[in-house]
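These protein sequences, in sequence, are chains Y and F.
The number in this note's numbering is simply the position in the first sequence, starting from 1, with 109 added.
The number in this note's numbering is simply the position in the second sequence, starting from 1, with 239 added.
Hints listed in this document are in silico derivations from the structure and should not be mistaken for laboratory results.
Don't be surprised by glycine CBs; every beta carbon is placed ideally from N, CA and C.
A portion of the hints provided could be inaccurate.
Beta-carbon label-pair distances, calculated as ranges [said to hold, decoys possible]:
#	chain 1	residue 1	chain 2	residue 2	range
1	Y	R111	F	T466	26 to 34 Å
2	F	L632	Y	E518	53 to 61 Å
3	Y	K336	F	T466	38 to 46 Å
4	F	F284	Y	N353	40 to 48 Å
5	F	Y610	Y	M110	36 to 44 Å
6	F	L632	Y	K336	48 to 56 Å
7	Y	S211	F	A365	19 to 27 Å
8	Y	H199	F	L369	33 to 41 Å
9	F	G446	Y	N353	22 to 30 Å
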Amino acid sequence: MRLALAVASIIVFVVHVVVFYDQFFHRWERHQTAYFEQARTQATNDAEAEELARRGPQIEQIIVTQFGESQVDRCVTCHIAVDDPRFTEHFHPLKTHPYSESLGDLQVEGRWERRHKFSDFGCTICHDGQGRGLEEHYSHGDDHYWPMPLLGYVVHENWNENYKDKLLGTDYMQVKCAQCHTDEGFAGTPHVSRGRELFFKKSCYGCHRIEGLSESTLGPDLTEIGKEFSLEYLWESIDEPRANLATSFMPKFNMTDDEVKSLVIFLKSRRGKNYTETQLDLYRARLEVGDEQDVAEGDAALAEAEDPVAVGERLISERACTACHKLDSVDGKVAPDLSFEGLVRSNDWLMQHFINPRTVVSDSIMPTFRWDHSDFEAMTAYLESRTEAPQVADAAASYREFCARCHGEQGAGDGPIMLYLDPAPRDLTKASFMNSKPMERFKESIRYGVAGTSMPPWEKVLDEQQIDDLLEYVFATFVDQPRRELRERSIPENNPVAMGPESVARGESTYLLRCTGCHGLKADGKGPNSPDIVPRPRNLRNSHFINSVSDRRLLESILYGVQGTAMPPWIDYGLSQNDVGDLLNYIRSLNKGRE
Amino acid sequence: MKEATQPKTIWGTIAELPNNVWKSIFRNPLPSSERGRSATMFTNFFLHLHPVRVHRHTLKATYTLGLGLISLFLFLLLALSGILLLFYYVPSTAQAYDRMLDLRGTVAFGTVLRNMHRWSAHGMVAVVFLHMCRVFFTGAYKKPREFNWVVGVILLLLTLFGSFTGYLLPWDQLAFWAITVGAEIAAYAPILGSEVQFLLLGDYSVGQEALLRFYVLHVVVLPLLITLFVAIHFWRIRKDGGLARPEQPDTVVETPMTLTGGEPRGAFGLMGFVRKPFTKVGNVPGNTVYSWPDLLTAEIFVLVLTIAAILVISISFDAPLEEPVNVMHPPNPAKAPWYFLGLQEMVSYSAFWGGVGIPTLEVLLLLMIPYLDRRPGGEGIWFSKQRLLANTLFMTFVVINIILIIIGTFFRGPNWALVSPF
Chain Y
110 MRLALAVASI IVFVVHVVVF YDQFFHRWER HQTAYFEQAR TQATNDAEAE
160 ELARRGPQIE QIIVTQFGES QVDRCVTCHI AVDDPRFTEH FHPLKTHPYS
210 ESLGDLQVEG RWERRHKFSD FGCTICHDGQ GRGLEEHYSH GDDHYWPMPL
260 LGYVVHENWN ENYKDKLLGT DYMQVKCAQC HTDEGFAGTP HVSRGRELFF
310 KKSCYGCHRI EGLSESTLGP DLTEIGKEFS LEYLWESIDE PRANLATSFM
360 PKFNMTDDEV KSLVIFLKSR RGKNYTETQL DLYRARLEVG DEQDVAEGDA
410 ALAEAEDPVA VGERLISERA CTACHKLDSV DGKVAPDLSF EGLVRSNDWL
460 MQHFINPRTV VSDSIMPTFR WDHSDFEAMT AYLESRTEAP QVADAAASYR
510 EFCARCHGEQ GAGDGPIMLY LDPAPRDLTK ASFMNSKPME RFKESIRYGV
560 AGTSMPPWEK VLDEQQIDDL LEYVFATFVD QPRRELRERS IPENNPVAMG
610 PESVARGEST YLLRCTGCHG LKADGKGPNS PDIVPRPRNL RNSHFINSVS
660 DRRLLESILY GVQGTAMPPW IDYGLSQNDV GDLLNYIRSL NKGRE
Chain F
240 MKEATQPKTI WGTIAELPNN VWKSIFRNPL PSSERGRSAT MFTNFFLHLH
290 PVRVHRHTLK ATYTLGLGLI SLFLFLLLAL SGILLLFYYV PSTAQAYDRM
340 LDLRGTVAFG TVLRNMHRWS AHGMVAVVFL HMCRVFFTGA YKKPREFNWV
390 VGVILLLLTL FGSFTGYLLP WDQLAFWAIT VGAEIAAYAP ILGSEVQFLL
440 LGDYSVGQEA LLRFYVLHVV VLPLLITLFV AIHFWRIRKD GGLARPEQPD
490 TVVETPMTLT GGEPRGAFGL MGFVRKPFTK VGNVPGNTVY SWPDLLTAEI
540 FVLVLTIAAI LVISISFDAP LEEPVNVMHP PNPAKAPWYF LGLQEMVSYS
590 AFWGGVGIPT LEVLLLLMIP YLDRRPGGEG IWFSKQRLLA NTLFMTFVVI
640 NIILIIIGTF FRGPNWALVS PF
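Bound-form chain F, shown alone:
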């Protein structure tokens, strides 16, 4: 405290300015000590979501496959590319398609931006679904993580709806008829079906009103909701004690505090575990490592990998842009977006059960899973033998849905007749 009392010369202040500014932003220097690692994680706004120490099991790539992180990064990519696309888009039936042509032809980086947005959106739907499968097959929804599973299912639905609303915006034949088909499926709901459809489209058919509604949902409402639920999702991960892992008695390692001279060794328990298990100061659970750098490296690895994949896909394949909308000439068959083709396939057998009944039951069952399956055991292990029945049931559900989507995508031709894609 001695320096504070000593006034400095103006030159000294100026000389120290960069350093002072830097230190005022980043409270800690690049951590080299264990204390520093803890403090960095704890005090940095972007990092404080992480625990100070994470369990080794959490970092195993074969356990999580990084699917949750990939979903997050795809969402961030979507937000970023989406904001840039927003500068060029006009939600008007007269202009939207022309704007697409401009993006493809003239706007700097327009094609790449649109491709990234398109493929990230498709990717996010797939990855979020796979993430859900991962969580199920590792039994990670069990107590105390039931509610986080529910939040996850809500996020899946929001992702689907976000992708669906974005589908209309290019205002080409693909968009128009996919949304027409999708909205028709909504209309099969009993009693409120046509009202829901009207609410969604703002009209009896897809038109200017629908475009505006989908636009507002797509660029404002759904991203905000997804952000909110993602925040809850992450918050709950921390509060529920990190990712699920097998019940194993972790040995507690004693790290004696040295009170005289130098840094105390070991972590600061309260920084490490906000809720549980409570650890005495000076004791550290075994099998854990510092988040800095192990967890951060893993995250950056997944981030770079995701960006690389999306970029390679985006320069290799162009996002489709079909004819301008022609209300009088539906393509045959008119198909919904691929992730709804399972629904459309079921609708072809029974409008109500395929379009409304079964999907509603499926979503309800998904939401109820953690409350129906109350038996402990098998957490944190892929395809645990203790969970044979549950896993078999869920695998059946997944396989049936994937098969329906494959049939709807590749095996359905004009008039929804079976065709061979080969």
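Here chain Y stands alone, though its shape is the one from the complex:
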């Protein structure tokens, strides 16, 4: 035991020696000693020599308090010669910070004078990195966890190999210039300006919010993105949106490296508050964001000179519509096929949908783009000009061509873009539903589409015979139960209860009692039970849909339920035809504009 005790004691002693050695013989001390030795030999006058003799190794720091939160930069502890012009030819860390006119430095009588004095600005305000550290690894931000590594010449050791090479270079310094030089056309920050342009040109603003620039909430808020993520992370996320977040549905935009670089620099410069904006500036920007500048200025003028169809084609490809939509062979795999959109949809519908998609499809996730009206007209003109219906050999082929993108290869309502559609495409394999509705209803849905949803009217593409064949194919292939005879029910064609405030009030109280669990208090189909229900409860405020449906169909759905869904037959729960009539009036009262 004595031996073990002795060994343990020696270990304790040795560790203490190591710790104390570390504590009292820093690397920065060696740098400073070297600096003072050389500086003393180069001292030109007595005062300077005296000054240098007086100084000894110590932790040097710059505390910057004039730009918001105070900031502590101890970089000059190692980089002690940054402001000493005699060290221009030395190696780091004992090197003079370069003087340059592009930084605003001025030469006065042969001596450089700095525009941005280090005593005023510190270091990290331009360079990023971690000002408090004294070890190279940590203060340069090589540490994997530090979100703001030195910009410019140092990159993470452990960065992704694919992006390492692309992230070198002083261009990234513009990120920090833009913290103070916020004016859009500032000559020193061309990448930031270009990135800002791309943010609008590539429709990023359609999904993402940046305070003062855009207001969309579909994607993550990018207001403080530059503070939170490294250059590499941003690059990676634009390059392959699912690289960092497996559930992301952001489209791949296939931009060039140069474009991504500008965009990354712009994004990295968004850090919420910057050094020049006051709270009042921010507030003003927030107020003005609604009447945003015309993003694609100049295109409108072009449209007059050029053929609108050609302009529309150019706009659609330039503005990355195919990042989500499919057009001919390009497919973003998020949104519906545009190849024959002009053929199936009317001119008005397209225009309305461009201006605000939610006026025609209530729960669409498509962003509202703030483009010029004439741009929308050109794009509509282009889509309308594509009048050629694709030739399909048989019903199976037309199913694959027109239906499978939403309803899925196997008809289970699980096509590739199904996740992004609301309401979701019908599951055609569900026999209980398919066999409970009359054939005519399916035909109508195909022929005229389903209003307020992504199901378009196919009458201009498919003739009656083709629709019949298609339905036959669907029933034969997907519905694996023979069709039964439908039970005749005596349901009035029109609502038996007259519309009026009293009836609506009675309907509302029934609604609150019976329906909110699934359809929600707001009748938007998002009640507390809705996440567990497939298909999701209907949004009863989807006016286009509700207004397009007859009284008879709604009465039947409520009274006798919808087979194959969670909607129960309310007649079994004691609702009379009049109660349902009141309900119907209540639902109608939520949706205006029915002829």
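Model the placement of chain F on the given structure of chain Y, informed by the hints.
Chain F in isolation, oriented as in the chain Y frame:
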């Protein structure tokens, strides 16, 4: 008594001053006689917790493995390093992380201090748990030591909570999300769950209020409680007759008192045994040795070993410090501290049963063990054959928990999906 009456010269007083001061502090000279050894243990404030004589069985390293002592020394290391860290810490969301950077970069010995505190904390959780296993497998909780087992379980819980509250203080991503996950587990409790969570966090999510609460708990409340319960724990060890040992009739050795001249041989019974077994003056139980020096050497040995281990670990591995808190960007997966990963793993199967039901049952069962297992026998022996059933059950409990923690730590990836760490 003759000297007292003789007045001294002032020079004599000054010459004797150091000696007098020394003697006034330490009543006994370094003991060389048996009487001296007894008296030293009995009269010294720091030593009087020890008995004058201890049983040889207690000193067997293979019996206790020194786990209780290691826990104590880790606690003392934590207190010491914690107090030094306190000088640099500010419990504010705006400053806490910067203070961590200062500790790592600029403060003298900051990195080592933080590392020691961090690794000692992890070590203490593990060692306290192992200590509990030791006590169970040696049957040391049996009558009359039932209550001390209960105190021990309370100390385990306090240790866990102390470590948990400390986890938040660096205010980095690791801290923030670990505590968020931990607090969510608390919210699964029925009826009072969300209230408990609110009480703990002072808010609906982890923020400034939570930081302040955890800080106060971590630096004031929990250390005080642990100190109190440790005192009770040690007091009970003495009062319950020392550490548990096998029932063996110890022979009583007669040590005749010599009344004339020189030191009486043998111990002074009353000094040796405050409660039991009562020993006649002049008789000493066999198989015991003087605490001074045998017990003290063993304790110092464990102390030096513990310090050496913690120091070596602290200069080899840096305590983690991740990104500054980013409320909008949880890591995937967000994991609780490792000792709660068994819970989190169970929560992934059933929120209520994994997070609240089973842990509560486990703690209740742990507390009840000495009252459920009333059969005497097997005390003081590792894995006694008489206790086969009890040991098997407890071993199952330990192994299941360790396996759950290992799965939660190494085999869970993004979205809590099973991944292979290799």
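Hint by hint, here is what the structure shows:
At roughly 33 Å, the beta carbons of R111 (chain Y) and T466 (chain F) sit within the given window of 26 to 34 Å. Here the CB-CB span from L632 (chain F) to E518 (chain Y) is close to 54 Å, well matched to the stated 53 to 61 Å. For the hinted restraint 38 to 46 Å between K336 (chain Y) and T466 (chain F), the CB-CB distance of approximately 42 Å keeps it satisfied. Between F284 (chain F) and N353 (chain Y) the CB atoms are about 60 Å apart, so this pair departs from the stated range of 40 to 48 Å.
A hinted range of 36 to 44 Å holds for the C-beta pair Y610 (chain F) and M110 (chain Y), which are about 38 Å apart. A beta carbon spacing of about 53 Å between L632 (chain F) and K336 (chain Y) agrees with the range 48 to 56 Å that was offered as a hint. Between S211 (chain Y) and A365 (chain F) the C-beta distance comes to about 58 Å, which lies outside the given range of 19 to 27 Å. The beta-carbon spacing between H199 (chain Y) and L369 (chain F), approximately 56 Å, falls outside the hinted interval of 33 to 41 Å.
Evaluation of the 22 to 30 Å hint for G446 (chain F) and N353 (chain Y) yields a pass: the beta carbon distance comes to about 26 Å.
Hints 4, 7 and 8 from the earlier list are contradicted by this structure; the remaining hints agree with it.
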